[in-house]
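Peer 1: Since the structure of chain D is provided, determine the placement of chains P, Z and B with the ligands on it from the hints.
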Amino acid sequence: MTDITTAGLVTMFRTIGAAIEAEKARLSELDGVIGDADHGVSMAMGFNAVNDALARLDAAATDPTSVMNTAAKAFLNAVGASAGPLYATAFMRAGAAVKGRASLDRDAVAAMIVAMAKGMQERGKAERGEKTMMDAWLPAAEAAEAARACGKDLTGCLADAVAAASAGAEATTSMVAAKGRAARLGDRAIGHMDPGAASAVIVLRAIAEGLGQE
Amino acid sequence: MTDITTAGLVTMFRTIGAAIEAEKARLSELDGVIGDADHGVSMAMGFNAVNDALARLDAAATDPTSVMNTAAKAFLNAVGASAGPLYATAFMRAGAAVKGRASLDRDAVAAMIVAMAKGMQERGKAERGEKTMMDAWLPAAEAAEAARACGKDLTGCLADAVAAASAGAEATTSMVAAKGRAARLGDRAIGHMDPGAASAVIVLRAIAEGLGQE
Amino acid sequence: MKTKKLINDPDAVIKEMLEGIMAAHPALLTQVPDHPRAVVARHGPRPGKVGLVIGGGSGHEPTFVGFVGRGLADACAVGNVFASPPPDPILECAKAANGGAGVIFMYGNYGGDVMNFDMAAELAGMEDIRVSTVLTTDDVASAPPERRADRRGVAGNVFIFKAAGAACDKMCSFEDCERAARKANDHTFTMGVALAPCSLPQTLKHNFEIGPEDMEIGMGIHGEPGVAREKLKTADRVADDILDRIFAEMPAKRGDNVAVLVNSLGSTPLMELYILHRRVKQRLDQIGIGIHGSWVGSYCTSLEMTGASITLMLLDAELTELLDHPCDCAMFKVS
Amino acid sequence: MKTKKLINDPDAVIKEMLEGIMAAHPALLTQVPDHPRAVVARHGPRPGKVGLVIGGGSGHEPTFVGFVGRGLADACAVGNVFASPPPDPILECAKAANGGAGVIFMYGNYGGDVMNFDMAAELAGMEDIRVSTVLTTDDVASAPPERRADRRGVAGNVFIFKAAGAACDKMCSFEDCERAARKANDHTFTMGVALAPCSLPQTLKHNFEIGPEDMEIGMGIHGEPGVAREKLKTADRVADDILDRIFAEMPAKRGDNVAVLVNSLGSTPLMELYILHRRVKQRLDQIGIGIHGSWVGSYCTSLEMTGASITLMLLDAELTELLDHPCDCAMFKVS
Ligand SMILES: Nc1ncnc2c1ncn2[C@@H]1O[C@H](COP(=O)(O)OP(=O)(O)O)[C@@H](O)[C@H]1O
Ligand SMILES: Nc1ncnc2c1ncn2[C@@H]1O[C@H](COP(=O)(O)OP(=O)(O)O)[C@@H](O)[C@H]1O
Ligand SMILES: [Mg+2]
Ligand SMILES: [Mg+2]
Ligand SMILES: [Mg+2]
Ligand SMILES: [Mg+2]
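So the sequences go chain by chain: D, P, Z and B.
Take the first sequence: its position 125, counted from the start at 1, is 138 in the numbering used here, and no numbers get skipped.
Take the second sequence: its position 67, counted from the start at 1, is 80 in the numbering used here, and no numbers get skipped.
Take the third sequence: its position 266, counted from the start at 1, is 295 in the numbering used here, and no numbers get skipped.
Take the fourth sequence: its position 148, counted from the start at 1, is 177 in the numbering used here, and no numbers get skipped.
Chain D extracted, bound-state conformation (with noise of 0.2 Å):
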């Protein structure tokens, strides 16, 4: 697999879009049996907001730091909610990440998977067992990050990465919740999936997708 160019990203974020889009009204319906339900409307939101702006953005003329900026304003700004600085600032750090790169490989990508658990976590201070999307996207970080570690590559990486997501976000169903709207019902929460763990399968699994494209 050659090296991921801004335009892969772009390619990402689309593929991201159309799955949330698929698994909105499903992730609504989990975000209203625990929380509000709106977490299927603020992710289409987020990502219909990305496309729109990296539609706009002259993607040769760009490097993966100013599309994921560019990605992190967007999201932001189109969704607030709890999802909107989550999501920002782990595109902020993934960014950050790779800082300086034309394109990115492997190496990068992980390192842009962990910035980003990393990111979301300092900004929403969840820790893993709290029944949030972090339950997801801790293990995904690791996974991904021991992958590389191993050897296998960018593909392999994050099919470990989705693995570990969806794991994660299986285990959240018997959770009671800590953080979030959830962090209110006590055992009623106990049962019931996490909205943001499982939006954050989604957004992993295409990714995969979305990469493996190029």
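Hints may contain errors.
The calculated label-pair distances, taken between Cβ atoms and stated as ranges, are [what the hints assert, rightly or not]:
no.: 1; chain 1: P; residue 1: 34; chain 2: Z; residue 2: 156; range: 33 to 39 Å
no.: 2; chain 1: D; residue 1: 138; chain 2: B; residue 2: 44; range: 29 to 35 Å
no.: 3; chain 1: P; residue 1: 35; chain 2: B; residue 2: 233; range: 40 to 46 Å
no.: 4; chain 1: P; residue 1: 74; chain 2: B; residue 2: 353; range: 56 to 62 Å
no.: 5; chain 1: B; residue 1: 260; chain 2: D; residue 2: 166; range: 58 to 64 Å
no.: 6; chain 1: D; residue 1: 189; chain 2: B; residue 2: 174; range: 18 to 24 Å
Derived from the structure by calculation, the hints contain no laboratory data.
None of these values were measured; they are calculated from a predicted model.
Don't be surprised by glycine CBs; every beta carbon is placed ideally from N, CA and C.
Peer 2: Relative to chain D, chains P, Z and B with the ligands alone:
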């Protein structure tokens, strides 16, 4: 059949109250189609108030006129709406029609029915064919008077009144309304029986039944 | 399936609502002793002032009882849900509102209300209280312009009562108050649409049925059928349909000003009302008519009915002054 | 089955609502140029005055945007339906509200809002605007008393914002405004019940399911599950359940006074709210607590949700004066 005493009138109102209570839902539903869905509620409230007031009355110590006046006041203040003034006026005129009598024979009862219809019409200014309770009450009064004139007994007079009222009520189904809420519906009122005409039949049938119990 | 309401005894809703209103607004309102259905403004009636008595069925709150207060109505006769009050409380209101200069009865044009208020007017006459009646007939959907007098009174009531109450508060003569009241009614035009029904406390059943994609144009504020059933349209299209009807008969010319009321029938939230108001402004701009003031919210409801109405009052100098005149009611204030 | 709304493009509801609000209240409100989600009071911000910036998700109207005006909030950042506004409009609000004496951010305690407002506070700091944050936490159902700081902000917002805005309007020092804001929050207690759900413009689906005979105790104003599902009770029983919770932790003694808010979540009509208020008065009378003032109506809604909440603010001399201080907002006035 012996003459109707004040106690007999009290029984009559109790019979009417029970009959209306039983048909309350149906009357409100009829009103829901071409009016404001409360006719059954109004009529039930009215006759409950009448029976409460009559229960506080010493029947033995009062004459038919004051029974009817008590009923009129109680019905009017409990109901308001359209039914209130119409039935209150009817009861007052009925009381006036038998002023001075201690008990009521066939002629007196027929005179009461005629006075009731007349009072309602003066209050509501509705003609026959305008899709109101008058389409039941006017034919009923005529039938009672006609039956009396050709020598039928009280039971026969009331039976004819009830028959004429039901025929009149049925006829309202095909009418366009010229009075009441339904008057603004134009052709949309066609095909639906007028709730006030429907309740008039219930009232007259209960009168016949209630006085029959003497 | 029964509807859900936060009530106690369905037959006691009016009594308990009025107790709650008195508890919430003791400085403004009081009930006539032994006549709880006659609600009077503490600071309204004054010697020499023409009294304004309004009233009608309950379930339209803040109409009617919410408009009792200095500068607006002196008293209100409260009926059962969607039912005219009987003559008794109306008479008590007339007595309480009469400062010797007579009283004006103002209420929506419904047969039941006319019969009860007319009976009360007769009784008031026997007590030497001068009474004149002005019916509100602002619902353009309920009869053609040439039969304006047959129309129902709906949400426009608040503007019409407000103007009349201001004339009374300014101590105008009986004739002037009556003229101002009629003029206010003649200048006011309302039309509404309903999307979903309400239910009466006693029945807990929907008072009409409507398809999942339909709306009723010109629905009355008691759920009486309107002029037509149509598929639900966008807010702009609904506003246009209403405004086309109103513009067709409102004698306004470029440079005139109107007061705007975008009213919820109960369940339609402010977000949707303001989206409607946005279109009202666009349409008025197009024909060069200005907005003197806008009221957006729940002013004349049908319990929890879903839907909205738009009212325009065509203003001149006199009506503008009357509308801007201060009033202090429990549920409506202008300062 | 889809719900029915009077809207145009579901993705444009906030934009169009704000256009309608500006068209209806041009003398009171304006939008920051190029930042329509930043709504500013025309007569609010003044040199030397501490600025009050509020904000949150839309769908709660008149909360939050309706409380912008002289004497209350100087500016409001408007989010999507049930979603915190992003930092951008919040920063614009801070700039517009800052008269050199700094600004206070006040909003309901929700994770999303905290993240966005904190990001905006950082940005404001970079522009040398002093910012302090006071979260509202009046929902007694959302956490036990010992975790008061974890509670949600709900309908009590209007009292809390009102007190803080009055302190700012009286040109109090930054420290005094902040102290008054925290004190107002500490003295305010709210709990609500929901009977039927609402639906988002983008989904037109009910945001939660509830049985035909059930109610949800302590439901959040975004339809977040509350503390328990129970069979629907009478209005008096519901009021008692709420008041028992509030009385258990409100440090009031005989002779104290409270401000009362009986709030509709959207579809519950005034008739039912006043029946609830009737019970509130009875219960307060029983324990010898007086009512300084009552507000009954739609103050903090969840679109068209069916249900109601009761708020008590325990008053002292300072809070009473702040609550009575005049304010002139598009959707809330005290004079
Ligand atoms: N502090 C936090 N850290 C990480 N994720 C969070 C945090 N708070 C909430 N979330 C995530 O956000 C999701 C909800 O997002 P969304 O519905 O868009 O926002 P909101 O709750 O404001 O409506 C939750 O399912 C959870 O995964
Ligand atoms: N002017 C009138 N004369 C006679 N009957 C009338 C008149 N107006 C209405 N009605 C009768 O009253 C009935 C409605 O009564 P009700 O529902 O109690 O009053 P409201 O229409 O005020 O709700 C109608 O069905 C009709 O039969
Ligand atoms: Mg959500
Ligand atoms: Mg009726
Ligand atoms: Mg009625
Ligand atoms: Mg949200």
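Peer 1: Compare the structure with the hints numbered earlier in the document and write down the numbers of the violated ones, lowest to highest.
Peer 2: Those not satisfied: there are none.
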